[in-house]
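Student: What follows is each chain in one-letter form.
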Amino acid sequence: MITYKDFIAHQWKSFTRQPGAGNAIIAVALRFVLLLLGGVYAVGMGWAIAYGLKQSQPQISPLSAVNNFFVFYLFVDLVLRFIFQNIPSGIITQYRLLNIPKKIITGYLLIKSLFSVPTFIGIMLWGSFAIFSHENNLLWLVMIFTFLLINSFLMILLKSSFETGIKGILLALAIGGSFVAADYFGYFSLGKCVGTFINNILQQPFLLLIPFFILYVLMVFTSRAILASMYRETTARQSQSSSTQKTAISYYSFEWKQFWRNKRFRTQFLMMVIFFPFAGLQLFINPPNNIMGTIISLFFISMILFMPLSVWMQFIFSRESVFFDKLSTIPYSWTSYLLRMIVMSTIPSLILSFLLISVSLIFSKPQILPWILCFGVFHIGISSYIFLYRSTFNSSRFDNNSSPWMNYSGVSYAPWYIETGIVAFMFIIPVIGFLISHFISNLFAQIMFFSLGIVGIILFRQGITFVYQCFLKRRYTMMEGFRAAS
Amino acid sequence: MIRIEHLCKSYTNKEVLHLDSLTIPEHQSFGLVGNNGAGKTTLFRLVLDLIKADSGTITSFEIDVAKQEDWKQYTGSYLDENFLIPFLTPDEYFLFVGKAYNLSAEEVKTRVNEYKEFFNGEDLGETKYIRDYSLGNKRKIGIIAALLIQPKVLILDEPFANLDPSSQLSLRHILQQIQSARTTTMLISSHDLVHITNVCDRIVLIESGLPIKDLPQNDTMLRELEMYFAPRL
Numbered sequence: 001m002i003t004y005k006d007f008i009a010h011q012w013k014s015f016t017r018q019p020g021a022g023n024a025i026i027a028v029a030l031r032f033v034l035l036l037l038g039g040v041y042a043v044g045m046g047w048a049i050a051y052g053l054k055q056s057q058p059q060i061s062p063l064s065a066v067n068n069f070f071v072f073y074l075f076v077d078l079v080l081r082f083i084f085q086n087i088p089s090g091i092i093t094q095y096r097l098l099n100i101p102k103k104i105i106t107g108y109l110l111i112k113s114l115f116s117v118p119t120f121i122g123i124m125l126w127g128s129f130a131i132f133s134h135e136n137n138l139l140w141l142v143m144i145f146t147f148l149l150i151n152s153f154l155m156i157l158l159k160s161s162f163e164t165g166i167k168g169i170l171l172a173l174a175i176g177g178s179f180v181a182a183d184y185f186g187y188f189s190l191g192k193c194v195g196t197f198i199n200n201i202l203q204q205p206f207l208l209l210i211p212f213f214i215l216y217v218l219m220v221f222t223s224r225a226i227l228a229s230m231y232r233e234t235t236a237r238q239s240q241s242s243s244t245q246k247t248a249i250s251y252y253s254f255e256w257k258q259f260w261r262n263k264r265f266r267t268q269f270l271m272m273v274i275f276f277p278f279a280g281l282q283l284f285i286n287p288p289n290n291i292m293g294t295i296i297s298l299f300f301i302s303m304i305l306f307m308p309l310s311v312w313m314q315f316i317f318s319r320e321s322v323f324f325d326k327l328s329t330i331p332y333s334w335t336s337y338l339l340r341m342i343v344m345s346t347i348p349s350l351i352l353s354f355l356l357i358s359v360s361l362i363f364s365k366p367q368i369l370p371w372i373l374c375f376g377v378f379h380i381g382i383s384s385y386i387f388l389y390r391s392t393f394n395s396s397r398f399d400n401n402s403s404p405w406m407n408y409s410g411v412s413y414a415p416w417y418i419e420t421g422i423v424a425f426m427f428i429i430p431v432i433g434f435l436i437s438h439f440i441s442n443l444f445a446q447i448m449f450f451s452l453g454i455v456g457i458i459l460f461r462q463g464i465t466f467v468y469q470c471f472l473k474r475r476y477t478m479m480e481g482f483r484a485a486s
Numbered sequence: 001m002i003r004i005e006h007l008c009k010s011y012t013n014k015e016v017l018h019l020d021s022l023t024i025p026e027h028q029s030f031g032l033v034g035n036n037g038a039g040k041t042t043l044f045r046l047v048l049d050l051i052k053a054d055s056g057t058i059t060s061f062e063i064d065v066a067k068q069e070d071w072k073q074y075t076g077s078y079l080d081e082n083f084l085i086p087f088l089t090p091d092e093y094f095l096f097v098g099k100a101y102n103l104s105a106e107e108v109k110t111r112v113n114e115y116k117e118f119f120n121g122e123d124l125g126e127t128k129y130i131r132d133y134s135l136g137n138k139r140k141i142g143i144i145a146a147l148l149i150q151p152k153v154l155i156l157d158e159p160f161a162n163l164d165p166s167s168q169l170s171l172r173h174i175l176q177q178i179q180s181a182r183t184t185t186m187l188i189s190s191h192d193l194v195h196i197t198n199v200c201d202r203i204v205l206i207e208s209g210l211p212i213k214d215l216p217q218n219d220t221m222l223r224e225l226e227m228y229f230a231p232r233l
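Chains as they are written, first to last, in this note's numbering: chain A, 1 to 486; chain B, 1 to 233.
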C-alpha cells in the first residue's frame, strides 16, 4: 500500500536527483539557509512592527492595533502567494495509472501545500511580533495560523478558478473591490470588522470555531480543486500531443505569440496590472512618514520592480532550449538575439510598472519617485544579468502548447545556492538603500544605485556575452550528460 | 468485461470521440486501430479515468471507472513515458509499482526476471535513472511494470512503437502468450497492423472518433485493414 511516506521519499529523490543539482547535501543546507534568512528577516520585521507600534501608539495594545490591519496583511499574503506559489502538483501523472486512490494523492498535495514559505514567514513574523509586543497570546497565534492556512487554500482555489476561466477571478476582484470601495467611502470597514472579530475571539475563544469551520470548508473545496486539476493536466497533455510542431526559427510575432499564448504569463501579467495600482494606492493612503514605513515602501517598490523582471527572465532560456538543438546547427547570432530579447522584455515591463505605480504616487509622495527611478535603472543595469544568469539553469523546456500546469514544471529550479544568492540580493537592496540614506544621505544612496545601473547598462554587451556563455556551457553539459548516461 | 455506453469527448468544442456502444468481453484481446487523431489514446485515457468524458459511462467488470477506483487493483497499463517516474531507477520503479499492488520485493524481482529476455540484454542497472534511458527502453520499463502485476485488464497504447525489431518480436511473443492463456482482457492500440493482428482476437477501426469497422480474428483481418488504409497512401 502506498502511503504519504512513499510520496515524501519520491519528493526527496526528485530533489536530490535533479540534473545539475550538484551536491545534494550542500543544496539542502543552502535551502535551509534560505529559509532561515527569510525567517530572520520576518522575525526582524515582527520586532520592528511591535517596536514601531509601541512608539507611535503607546496608548493602544499592539495586538489590537495589528488586528485592525491584519486583513491587509492577509490580502498582500494572498496576492504574493498567487504570484509566487504554485498549485501543488508534484508527480501526479505518474501515480495515476497505478493502484493509488485519488484521495491519497489529493490528501498528500493538500498537506504539502500547507508547508509553504509564506506560511513559515507568516508564523515567524507574527510569532515574533507576539513575543516582542509582550502579549504572548497562544490563542491569537493559533488564530493567525488558521488565517494563514485559509489563505493557502484560498490561493489554490483562486488559481484553479483562473485556470478554468476568468469568472472566478472577476468575482474575487468584484468582492475585493466592493470592500475597498465601501471602506473608502466610509460605509463599511473590513479592516475594523476583521479586527473586531479577532478581538472577540480573544475574549470568547469558542468563536475560533468559525475560522476552523471556514478552514474545513475550504479544505474540502481545495481538495476538489486539486482533483479537478489532475484531470486538467492530463487533458492538457492530450491536446498537446495532437498539436503540430511549431517552426524552429523565431520571429518577433512568433516570440510574442509564445509569451501571450502561455496562460502562466497572462496570469502573471494580469496580476501585475492588478497589483501595481493596489501597491500605489497603499502608498497613497499611507504615505511613508517614518523609518519603518520607508523601509517597507522601498522593499515593496523594489519587489514590484523585480517582479516583471523575474517573470520575463525565467522564460527566456527555458524557451530557447526548445529551439536549441535546431538553432545550434545553423548560423545564428545568439548574443544579438538575447540582447534584443532582453530589451524587448525588460524595458516594456519596467515602463509598465513605472506607469502603474506613478499614477497613484504622483498625487501623494512625488519625492519617492527618484527612488523608483534609481531602482529601475539599477534593475535594468544589474538585476537583469542576475535573473538572466539564474535562467541559464533552466533545464526543462518551456512548452507553449500546454497549459500552465505543464509550464510550472517546465521551468526548473536553479541550484539552491544560486536561488539563495538571488533572494538574499532582493532582500538586501532595500536594507542597503535605507542604511545609506539614513547614515549618509538620500541623494548619495540614489546616485549610487543610479550609477551602478548606468555602468551595468554601458557594459550590457559584456554582461550578455557572459550569461550567454554560461547558458551554452550548461546546455552542452546537459546534452553530453545525456549521451554519457545512455 | 469492459462496457462503454454513449461515450462522448470533446476538446475545445471539437468532438474527438463518439462511441454509442462497445463491449469488450472478459479475456478478449481487443485491438484498436486508426490514424493519428482518430481517438485511440483518448479512449484509453477515458477507460483509465485520466480524463473526464462529456457524457456516457465506462464500466470495468461492472465498476464505473469515473466513480469508483476498485478497478485499479486489477488493471495494468502503459500509455507513454510521461507516466514513468523519471528520477527512479527501473528497479526502484518496479518495487514502487509492486508496492502499489501489495507485492513483496521478492515477488517483484521474480516477476521482472521473467521478462529479462524482453530487455534484449540491456542491463536494467541499479544506478541509471529512467529519464536517462532511450525512448524504446523507457517503453519496455513501462510495459514490464504493467505486466508484473499480472493484471486482469491490460491496457497498452502503441506498445510496439520505438522498440527495436528484436524487442518487438519478443513483446509480440509475450502478448501472444497472454492471449492464449485467456486470463487477461487486453486492450491494445497500434499502428503496426501485422503485430496487432497477431495478438488480438478482435480489432476495432476508428476514424475521427467513430468506430468504422469491428473485425473478428480471421484470415482476412489483416487484408481488410490494409485495404482500408492502402488508398490513403
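No wet-lab data here; the hints were simulated from the structure.
No experiment lies behind these values; they were computed from the predicted model shown.
Errors might be hidden in some of the hints.
Among chain A residues calculated to face chain B with C-beta under 10 Å, some are [unchecked claim]:
hint : residue
1    : Ile8
2    : Thr16
3    : Tyr95
4    : Ser178
5    : Phe179
6    : Arg224
The list that follows gives simulated cross-link-like pairs (lysine to any residue, SDA-like), each with its CA atoms no further than 20 Å apart [claimed, not checked]:
hint : chain 1 : residue 1 : chain 2 : residue 2
7    : B       : Lys128    : A       : Lys103
8    : B       : Lys99     : B       : Tyr115
9    : A       : Lys5      : B       : Lys52
10   : A       : Lys112    : A       : Gly191
11   : B       : Lys52     : B       : Glu26
12   : A       : Lys13     : B       : Tyr115
13   : A       : Lys103    : B       : Asn102
14   : B       : Lys52     : A       : Leu227
15   : B       : Lys52     : A       : Lys13
16   : B       : Lys67     : A       : Leu227
From the three backbone atoms N, C-alpha and C, an ideal C-beta is built for every residue, glycine too.
Student: Decide, hint by hint, whether the structure agrees.
Tutor: Going through the hints against the structure:
The interface hint given for Ile8/A is violated, since its Cβ lies 13 Å from the closest Cβ of chain B, which is over the 10 Å cut-off. At its closest, the beta carbon of Thr16/A sits 9 Å from a beta carbon of chain B; the interface hint therefore holds under the 10 Å criterion. A hinted interface residue such as Tyr95/A counts as satisfied when its beta carbon comes closer than 10 Å to some beta carbon of chain B; here the least separation is about 8 Å, so the hint holds. Here the hint on Ser178/A is broken, as its CB sits about 34 Å from the closest CB of chain B, past 10 Å.
With 10 Å as the threshold, the beta carbon of Phe179/A stays out of range of chain B, its nearest partner Cβ sitting at about 35 Å, so the hint is violated. Below 10 Å, beta-carbon pairs count as interface contacts, and Arg224/A has none with chain B, the closest being about 13 Å; its hint is therefore violated. Only pairs whose Cα atoms come within 20 Å are accepted, and Lys128/B paired with Lys103/A is rejected, the gap being roughly 32 Å. Simply put, Lys99/B and Tyr115/B have alpha-carbon atoms about 19 Å apart, close enough for the 20 Å limit, and the pair holds.
Restraint check for Lys5/A and Lys52/B: the C-alpha separation of about 29 Å exceeds 20 Å, so the hint is violated. Only pairs whose Cα atoms come within 20 Å are accepted, and Lys112/A paired with Gly191/A is rejected, the gap being roughly 30 Å. A threshold of 20 Å between alpha carbons decides the hint, and for Lys52/B with Glu26/B the separation of about 24 Å lies outside it, so the pair is violated. Between Lys13/A and Tyr115/B the alpha-carbon distance is near 27 Å, which puts this suggested pair outside the 20 Å criterion.
Note on Lys103/A and Asn102/B: the hinted pairing holds, with a Cα-Cα distance of about 18 Å set against a maximum of 20 Å. With a CA separation close to 11 Å, the supplied pair Lys52/B and Leu227/A stays within the 20 Å bound. Proposed proximity of Lys52/B and Lys13/A is contradicted: the alpha carbons are some 31 Å apart, above 20 Å. Taking the CA atoms of Lys67/B and Leu227/A, the gap is near 13 Å; set against the 20 Å cutoff, the hint holds.
In this structure, the hints that do not hold are numbers 1, 4, 5, 6, 7, 9, 10, 11, 12, 15, in rising order.
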